[in-house]
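S.K.: Chains A and G, in that order, give the protein sequences. Using this note's numbering, read the first sequence as starting at 132 and increasing by one per residue. Using this note's numbering, read the second sequence as starting at 96 and increasing by one per residue.
Mixed in with the good hints, there may be bad ones.
Partial list, computed: chain A residues near chain G (C-beta under 7 Å) [claimed, not checked]: (1) Gly165; (2) His170; (3) Lys175; (4) Ser179; (5) Pro180; (6) Tyr185; (7) Val187; (8) Ser188; (9) Phe198; (10) Tyr223; (11) Phe234; (12) Gly237.
Hints were generated in silico from the structure; no laboratory data involved. Think of the CB as a built atom: it goes at the ideal place given N, C-alpha and C, for glycine as much as any other residue.
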Amino acid sequence: DVVMTQTPVSLPVSLGGQASISCRSSQSLVHSNGNTYLHWYLQKPGQSPQLLIYRVSNRFSGVPDRFSGSGSGTDFTLKISRVEPEDLGDYYCLQSTHFPRTFGGGTKLELK
Amino acid sequence: EVQLVESGGGLVQPGRSLKLSCAASGFTFSNYYMAWVRQAPTKGLEWVASITNSGGSTYYRDSVKGRFTISRDNAKSTLYLQMDSLRSEDTATYYCTRDRGSLDYWGQGVMVTVSS
Numbered sequence: 132d133v134v135m136t137q138t139p140v141s142l143p144v145s146l147g148g149q150a151s152i153s154c155r156s157s158q159s160l161v162h163s164n165g166n167t168y169l170h171w172y173l174q175k176p177g178q179s180p181q182l183l184i185y186r187v188s189n190r191f192s193g194v195p196d197r198f199s200g201s202g203s204g205t206d207f208t209l210k211i212s213r214v215e216p217e218d219l220g221d222y223y224c225l226q227s228t229h230f231p232r233t234f235g236g237g238t239k240l241e242l243k
Numbered sequence: 096e097v098q099l100v101e102s103g104g105g106l107v108q109p110g111r112s113l114k115l116s117c118a119a120s121g122f123t124f125s126n127y128y129m130a131w132v133r134q135a136p137t138k139g140l141e142w143v144a145s146i147t148n149s150g151g152s153t154y155y156r157d158s159v160k161g162r163f164t165i166s167r168d169n170a171k172s173t174l175y176l177q178m179d180s181l182r183s184e185d186t187a188t189y190y191c192t193r194d195r196g197s198l199d200y201w202g203q204g205v206m207v208t209v210s211s
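Construct the complete structure from the given sequences, taking the supplied hints into account.
M.R.: Set out below in structure tokens:
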């Protein structure tokens with residue numbers, strides 16, 4: 132199975148500040164079709180996860196441009212600029228290039 | 096508006112069975128793969144199973160292979176998860192998701208508790 136290592140586990144931030152979350156995979160996430168199936172989710176307290184970024188760098192419908200994704204191969208990053216209160220919660224990366232699909236362990240974004 | 100509504104959760108004894116349902120609306124159900132993802136209390140997300148749009152192929156994580164069965168009824172726009180031989184470690188909130196590679200829409204989740 133592809134292991135997704137997400138860091139940090141906890142990330143204290145100030146409102147208006149910037150946050151960066153890393154996700155590394157144990158093998159390349161480049162599919163044979165050339166696409167890279169690495170996605171990012173936010174789970175707010177008491178809610179279902181919501182898709183933020185799909186295929187490395189594409190913002191999902193309605194996601195503000197404060198969220199950006201980058202990376203390639205095995206190394207990926209989610210950046211949040213100008214953090215707002217509604218951005219707080221648990222962030223997860225997901226790879227769907229390989230079965231079984233695997234999630235990172237999560238990063239809790241919280242107020243400093 | 097895409098909506099996914101799970102049902103069928105509850106408290107069940109170890110070794111018994113439970114069947115989850117997920118009613119989909121707001122999109123052409125038969126055009127999409129679907130999946131189940133679970134989250135044990137205070138833990139992270141764990142993919143459980145996926146099914147192709149026709150239902151012709153299914154995929155499972157190793158820990159549920161042979162015990163869980165994912166299926167769908169495209170005429171009813173409904174996804175199912177038959178869970179047999181349940182174990183305490185299956186205790187979790189189970190989410191129904193639309194699977195486009197990314198899991199783009201999620202239901203509200205249904206709780207399954209396996210305990211004697």
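S.K.: May I ask which of the numbered hints given earlier this structure violates, with the numbers listed in increasing order?
M.R.: 1, 3, 7, 8 and 9
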